[in-house]
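Taken in sequence, the protein lines are chains A and B.
Sequential numbering of the first sequence, starting at 1, is according to this note's numbering.
Sequential numbering of the second sequence, starting at 264, is according to this note's numbering.
Everything labelled a hint here was simulated from the structure, so no lab data went into it.
Check each hint, because a few of them may be wrong.
A short, non-exhaustive set of chain B residues, derived as facing chain A with CB atoms under 7 angstroms [to be verified]: (1) N435; (2) A436; (3) V437; (4) A452; (5) I456; (6) L483.
Glycine residues also receive a C-beta, built at the ideal position from the N, C-alpha and C atoms.
2 protein chains.
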Amino acid sequence: VTTIPASEGWTLRQKIRNDGWASQTSGQAYGHVQGNVAILPADLADDFLRFCLRNPKPCPVLAVSDRGNPLLSTLGRDVDIRTDVPRYRIWEAGRLVGEPLDIRDLWRDDLVTFVLGCSFSFEQALAEAGIEMRHWTQGCNVPMFLTSQQTVAAGPFAGPLVVSMRPMTPANAVKAVQITSRFNAVHGAPVHIGKPEMLGIRDLQRPDFGEPVEIRDDELPVFWACGVTPQAVVMSARPPLCITHAPGHMLVTDLLNATLSVG
Amino acid sequence: VTTIPASEGWTLRQKIRNDGWASQTSGQAYGHVQGNVAILPADLADDFLRFCLRNPKPCPVLAVSDRGNPLLSTLGRDVDIRTDVPRYRIWEAGRLVGEPLDIRDLWRDDLVTFVLGCSFSFEQALAEAGIEMRHWTQGCNVPMFLTSQQTVAAGPFAGPLVVSMRPMTPANAVKAVQITSRFNAVHGAPVHIGKPEMLGIRDLQRPDFGEPVEIRDDELPVFWACGVTPQAVVMSARPPLCITHAPGHMLVTDLLNATLSVG
Numbered sequence: 001v002t003t004i005p006a007s008e009g010w011t012l013r014q015k016i017r018n019d020g021w022a023s024q025t026s027g028q029a030y031g032h033v034q035g036n037v038a039i040l041p042a043d044l045a046d047d048f049l050r051f052c053l054r055n056p057k058p059c060p061v062l063a064v065s066d067r068g069n070p071l072l073s074t075l076g077r078d079v080d081i082r083t084d085v086p087r088y089r090i091w092e093a094g095r096l097v098g099e100p101l102d103i104r105d106l107w108r109d110d111l112v113t114f115v116l117g118c119s120f121s122f123e124q125a126l127a128e129a130g131i132e133m134r135h136w137t138q139g140c141n142v143p144m145f146l147t148s149q150q151t152v153a154a155g156p157f158a159g160p161l162v163v164s165m166r167p168m169t170p171a172n173a174v175k176a177v178q179i180t181s182r183f184n185a186v187h188g189a190p191v192h193i194g195k196p197e198m199l200g201i202r203d204l205q206r207p208d209f210g211e212p213v214e215i216r217d218d219e220l221p222v223f224w225a226c227g228v229t230p231q232a233v234v235m236s237a238r239p240p241l242c243i244t245h246a247p248g249h250m251l252v253t254d255l256l257n258a259t260l261s262v263g
Numbered sequence: 264v265t266t267i268p269a270s271e272g273w274t275l276r277q278k279i280r281n282d283g284w285a286s287q288t289s290g291q292a293y294g295h296v297q298g299n300v301a302i303l304p305a306d307l308a309d310d311f312l313r314f315c316l317r318n319p320k321p322c323p324v325l326a327v328s329d330r331g332n333p334l335l336s337t338l339g340r341d342v343d344i345r346t347d348v349p350r351y352r353i354w355e356a357g358r359l360v361g362e363p364l365d366i367r368d369l370w371r372d373d374l375v376t377f378v379l380g381c382s383f384s385f386e387q388a389l390a391e392a393g394i395e396m397r398h399w400t401q402g403c404n405v406p407m408f409l410t411s412q413q414t415v416a417a418g419p420f421a422g423p424l425v426v427s428m429r430p431m432t433p434a435n436a437v438k439a440v441q442i443t444s445r446f447n448a449v450h451g452a453p454v455h456i457g458k459p460e461m462l463g464i465r466d467l468q469r470p471d472f473g474e475p476v477e478i479r480d481d482e483l484p485v486f487w488a489c490g491v492t493p494q495a496v497v498m499s500a501r502p503p504l505c506i507t508h509a510p511g512h513m514l515v516t517d518l519l520n521a522t523l524s525v526g
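Turn these sequences into a full structure, and let the hints steer you where they fit.
Below, the structure written as structure tokens:
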């Protein structure tokens, strides 16, 4: 066991801000919490926060900024949302219009930033407990599926729950429930085990997002609420402006995954 | 919510001891821990204790008596194992030779009593969380199955793991893992979910003990290590003398199920 340097998140953010570092963040700053980012005009932010609180499993809120304030002091030292995400996506009325490396020139004093937990945190805990993450082994993105289950709407925000799927043996599925139950801040316990048809999923080899992974005869598919849910919901609400991280290019914080575990 | 009278276990034991009360204890002294009983000669007790410690999920030890001492002070006020079980079974070399209502005349100063946790404790917690116990609804015993998984042997004690099965929806299976993980003293988390063939179980409608229950299309079979495991193991070891409770006629203690929950 090695102690994780507390400054690694900060060091990576400095490279992103100053040196044009613009890669995917998976596996970077090991042990640090990474987050999904959504930035919205204030007149939509209230509804979006209500949406998140009504759907805590797909939308675990790690931080909400003050209106117009680009700093997120609860997530670490000098976290500036205008510069510290490796790559952004700019959406206007639901259409992708740009993928800049910073958003200083787009910042407005009516913008509110949301940072939502992501599955990287609990995947680390699962892997450390000896549970194979098949999509890691296969070197691909986790398979994700639109379900027949609707989220609880708030204002213009509504849509289906999106889940990620990880195959594992029944004994590991029990372990995975125990471990991820302690990670409420990052999706928590699985929403479903074993019967994809009950979620309206027809073919596990044809995910709606990410890539398919092998499921062996002695394995069950285990499903978690996924951070793609709020992204899909925001896109379908077509806000005049929305800024998100580019897929896989997360905000790296100073928080440690281990500190998100309760009990 | 009503407070459970601490004296209910004691009151029931008094009836059993003095008034010939000799029924099954399921549902009696609500909220109190009930235990499986096995009484063995001291020269076998060491091996049996080792067996229990090597197989904690099927054999959760709630109490072990001192040699020759019929009192179990850690389980409650004035608990006397010679009189306080509603009905006993006497086994000689693995053969059932009697079903007396007390064992005062059989007591010897080389006997050691084991009290092992039973699933009644966690079933109460599951039912209180809104999870239907199908065998309660159907008014029958929980279905139990011999598995292809061997216990870890100790001395003459060896044999297959026996599991009990409760059907429930995938969402409730997740909840059931969370709840029973807190009940390590009474079998703990499930040992298996969803794939009976991996345990060597061919037909869920033909249990080896207990009775079959309905499993619906939207349900998974969830399997827990079962207290019948040590009973079967002791029988097959054919000790010269062994005294157990009669099925369903458990030792009722002063402990509360709620206090067995950790976290």
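Given N435(B) as an interface hint, is its Cβ closer than 7 angstroms to any Cβ of chain A? Violated. Min distance 10 angstroms.
Proposed interface contact between I456(B) and chain A, which counts if any beta carbon pair is under 7 angstroms: 5 angstroms, holds
Status of the hint placing V437(B) at chain A (closest C-beta pair under 7 angstroms): 5 angstroms, holds
A closest beta-carbon separation below 7 angstroms is what the hint needs, so does L483(B) meet it against chain A? The hint holds - L483(B) has a Cβ within 7 angstroms of chain A, the shortest such distance being about 5 angstroms.
Tell me if the interface restraint on A436(B) is satisfied: Cβ within less than 7 angstroms of some Cβ in chain A. 6 angstroms, holds
Hint status (Cβ of A452(B) to nearest Cβ of chain A, threshold 7 angstroms): Interface hint status for A452(B): holds (5 angstroms vs cutoff 7 angstroms).
When each numbered hint is compared with the structure, a violation occurs for hint 1 only.
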